[in-house]
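Just so you know, the sequences run in chain order A and B. Residues 465 to 846 in my numbering are what the first sequence spells out, letter by letter. Residues 4 to 271 in my numbering are what the second sequence spells out, letter by letter.
Everything labelled a hint here was simulated from the structure, so no lab data went into it. What you are looking at is a predicted structure, and each value in this text was computed from that prediction instead of being measured. For every residue, glycine included, the Cβ atom is placed at its ideal position computed from N, Cα and C. Treat the hints with care, as some may be off.
Listed below are several chain A residues computed to face chain B (Cβ distance under 10 angstroms; list not exhaustive) [unchecked claim]: (1) 517; (2) 520; (3) 665; (4) 693; (5) 701; (6) 702; (7) 821.
In case you want the letters, here they are:
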Amino acid sequence: MDAYDILGPSEQYIQGDKACVYGALIAGCRFFAGYPITPATEIAEEMSRFLPKLGGTYIQMEDEIASMGAIIGASWTGKKTMTATSGPGFSLMQENIGYAVMTETPCVIVDVQRGGPSTGQPTMSSQGDVMQARYGSHGDYEIIALCPSSVQETLELTIRAFNLSEKYRVPVILMMDESIGHMREKITIPKDVLIANRSTVDISYAYYRPFRTGYMHATKIPEFAPFGSGYKTFITGLTHDEDGFPTTVNPKAHSDLIKRLSEKITDNIDDIFYVNNKHLEYAEIAVISYGISARPSLAAVNMAQKLEKNVAFINLNTLWPFNYEFISELSKQVEKIIVVEMNMGLMYHSIREAAEGRCDVVLVSSLGGRVPTPKDIVEMIK
Amino acid sequence: MISNDEIYEKYIRKGTMPTILCAGCGNGIVLNTTLRAIDELKKDIDKMVFVSGIGCSSRLSSYIKADGLHTTHGRPIAFATGIKAANPDLDIVVFTGDGDCAGIGGNHLIHGIRRNIDITVIVLNNYNYGMTGGQASPTTPLESLTTTTPYDSFEHPFDLSMLAMAAGAPFVARWTISHPVQLVKSIKKGLQVKGFSFIEVLTPCPTSYWRRNRIRDYEGIYRWYKENTVNVKRAESEPDKICIGELQNIQKKEWTEQWKELVERVSK
Ligand SMILES: Cc1ncc(C[n+]2csc(CCOP(=O)(O)OP(=O)(O)O)c2C)c(N)n1
Ligand code: SF4
Numbered sequence: 465m466d467a468y469d470i471l472g473p474s475e476q477y478i479q480g481d482k483a484c485v486y487g488a489l490i491a492g493c494r495f496f497a498g499y500p501i502t503p504a505t506e507i508a509e510e511m512s513r514f515l516p517k518l519g520g521t522y523i524q525m526e527d528e529i530a531s532m533g534a535i536i537g538a539s540w541t542g543k544k545t546m547t548a549t550s551g552p553g554f555s556l557m558q559e560n561i562g563y564a565v566m567t568e569t570p571c572v573i574v575d576v577q578r579g580g581p582s583t584g585q586p587t588m589s590s591q592g593d594v595m596q597a598r599y600g601s602h603g604d605y606e607i608i609a610l611c612p613s614s615v616q617e618t619l620e621l622t623i624r625a626f627n628l629s630e631k632y633r634v635p636v637i638l639m640m641d642e643s644i645g646h647m648r649e650k651i652t653i654p655k656d657v658l659i660a661n662r663s664t665v666d667i668s669y670a671y672y673r674p675f676r677t678g679y680m681h682a683t684k685i686p687e688f689a690p691f692g693s694g695y696k697t698f699i700t701g702l703t704h705d706e707d708g709f710p711t712t713v714n715p716k717a718h719s720d721l722i723k724r725l726s727e728k729i730t731d732n733i734d735d736i737f738y739v740n741n742k743h744l745e746y747a748e749i750a751v752i753s754y755g756i757s758a759r760p761s762l763a764a765v766n767m768a769q770k771l772e773k774n775v776a777f778i779n780l781n782t783l784w785p786f787n788y789e790f791i792s793e794l795s796k797q798v799e800k801i802i803v804v805e806m807n808m809g810l811m812y813h814s815i816r817e818a819a820e821g822r823c824d825v826v827l828v829s830s831l832g833g834r835v836p837t838p839k840d841i842v843e844m845i846k
Numbered sequence: 004m005i006s007n008d009e010i011y012e013k014y015i016r017k018g019t020m021p022t023i024l025c026a027g028c029g030n031g032i033v034l035n036t037t038l039r040a041i042d043e044l045k046k047d048i049d050k051m052v053f054v055s056g057i058g059c060s061s062r063l064s065s066y067i068k069a070d071g072l073h074t075t076h077g078r079p080i081a082f083a084t085g086i087k088a089a090n091p092d093l094d095i096v097v098f099t100g101d102g103d104c105a106g107i108g109g110n111h112l113i114h115g116i117r118r119n120i121d122i123t124v125i126v127l128n129n130y131n132y133g134m135t136g137g138q139a140s141p142t143t144p145l146e147s148l149t150t151t152t153p154y155d156s157f158e159h160p161f162d163l164s165m166l167a168m169a170a171g172a173p174f175v176a177r178w179t180i181s182h183p184v185q186l187v188k189s190i191k192k193g194l195q196v197k198g199f200s201f202i203e204v205l206t207p208c209p210t211s212y213w214r215r216n217r218i219r220d221y222e223g224i225y226r227w228y229k230e231n232t233v234n235v236k237r238a239e240s241e242p243d244k245i246c247i248g249e250l251q252n253i254q255k256k257e258w259t260e261q262w263k264e265l266v267e268r269v270s271k
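Put together the whole structure using the sequences plus the hints.
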């Protein structure tokens with residue numbers, strides 16, 4: 465059976481969490497492991513209902529560390545895999561997320577953000593985890609994190625998350641927030657969507673080296689041999705050579721490996737980075753936001769346009785990798801960048817760094833689950 | 004019977020030799036007995052995955068010419084669960100240490116058993132954290148000296164096999180490395196059981212553990228195992244000793260079989 469056969473009518477009113485499940489199933493996700501946590505639980509619940517109908521596998525693990533381990537293990541059988549959580553669980557996943565980066569294991573992690581630190585505000589919205597998505601695991605690495613600001617975008621970006629994860633062999637994090645996860649909106653289930661699959665090995669075992677790149681295809685991404693395919697692949701989180709064997713005290717081996725892992729992302733920023741802009745061409749001020757706070761930001765920009773202000777709206781749908789060049793160019797054009805986020809200023813730091821003092825960068829911060837109002841933002845535009 | 008040379012040729016990854024193991028370490032014997040069991044069962048090695056955590060014992064997965072997943076410390080059972088649940092056609096062997104399995108990974112152990120997922124877990128119990136230089140572990144015997152119990156250890160150790168039995172593992176066996184023949188037999192059984200098999204091997208860590216506990220020769224270590232263990236058949240007469248043998252063999256529905264049934268039921 466196909467995902468489209470069980471998802472129902474092509475237009476529906478559903479929650480963001482459910483749209484995420486729809487996106488995952490359309491993208492080909494057939495394995496989900498998770499642990500209940502507000503406000504992401506609905507994702508696990510829907511997965512447990514849908515996956516067996518598609519011949520897929522759902523498993524509730526004993527904690528988020530195990531969930532992350534299970535989706536990595538399952539991914540090595542060739543399946544597309546996902547887990548979903550919120551702050552406390554996302555913290556627990558960090559070590560194994562680093563493992564997925566190091567072992568180049570495709571998988572998707574959904575973080576429906578709530579107020580933190582600690583158990584914080586389980587039922588309230590937040591964007592407090594965006595730096596954790598980037599830097600949460602130890603060591604140097606690049607990762608991909610996408611952020612939807614509507615239920616429709618949630619569905620579409622979940623598909624994109626799987627595609628990027630498969631293409632670049634990297635864990636991709638879908639950074640939702642409680643508002644998006646629980647909000648109900650009308651969606652249209654897209655047909656004929658582009659689905660990417662990891663590139664699998666097509667040479668014989670004798671020549672296969674699991675982490676050699678650039679010989680079959682001119683990329684920094686190795687070809688994948690799933691467990692059970694006879695390629696005798698050894699996978700370790702230790703620093704490894706092209707054969708996948710541990711080489712833990714050779715500085716060059718380590719630096720070559722982590723540079724390749726980073727460059728396979730940063731070299732392809734034009735393919736990965738995607739934002740939604742409005743009125744950018746003649747803008748003198750730019751409002752940058754993401755997630756639920758992008759909604760009042762757009763409303764504020766529209767209000768300001770009526771006041772004949774040249775204001776652009778940028779919905780930062782791709783949080784990571786951070787596109788320094790894009791912000792740098794923007795800072796040459798505009799006089800002011802207004803960053804709207806539901807935290808004490810996180811993306812604000814990276815944006816300020818990229819602007820390098822060429823324009824003002826100001827923050828509209830909203831805490832406690834309160835979504836900023838258009839008025840909060842218009843104040844700053846004036 | 005297959006010779007050691009033949010095992011080496013057939014199953015060992017030459018690129019990872021020599022091993023990182025110390026002279027006198029028992030882990031090599033566990034590798035040898037595991038490969039022997041696999042060979043005697045004529046298993047297709049290309050349909051097996053060797054999963055392990057972090058520790059000296061967990062290095063064994065890297066030495067076998069087969070698919071292997073050397074995971075994070077304490078988590079191999081969680082990773083193995085994902086592999087098996089996603090592709091039940093694969094046979095999974097987990098190598099784990101006492102610290103890996105019962106310290107940091109204890110939760111995954113009891114839940115793997117509870118779920119009864121079809122994997123074979125071989126825990127190499129050497130009474131300490133060998134790789135990090137000999138700290139106390141959850142199985143360190145009372146009054147042992149380790150680098151973190153310099154005045155002797157007073158925490159009550161876990162009996163891992165009892166724990167696995169109580170959690171309901173369908174197959175549980177415990178041997179020492181001086182019982183290679185019995186061990187091969189139990190690993191074979193474990194691989195054949197449809198469900199969670201738990202095989203505990205008491206294996207010496209001369210470098211980090213025994214050196215500090217006043218036994219410095221291999222003969223002495225082997226003698227200690229002999230004097231301190233009793234076969235389950237005679238366990239009642241010597242209740243203070245560590246009970247070895249096949250300790251549990253019961254029938255229980257397995258996870259992937261149940262999932263398959265569920266899929267058939269709901270996808271109609
Ligand atoms: C999360 C985490 N904590 C600690 C360590 C450090 N560490 C590496 S091996 C090890 C102990 C291994 O002991 P055991 O599982 O008994 O295996 P052995 O080396 O004795 O075979 C520890 C604590 C680690 N790698 N990861
Ligand atoms: S430290 Fe102990 S367990 Fe580790 S290889 Fe040496 S003897 Fe074996």
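Discussion item. I'd like to know which numbered hints this structure contradicts. Please list them from smallest to largest.
Written reply: The structure conflicts with hints 3 and 7, although it agrees with all the remaining ones.
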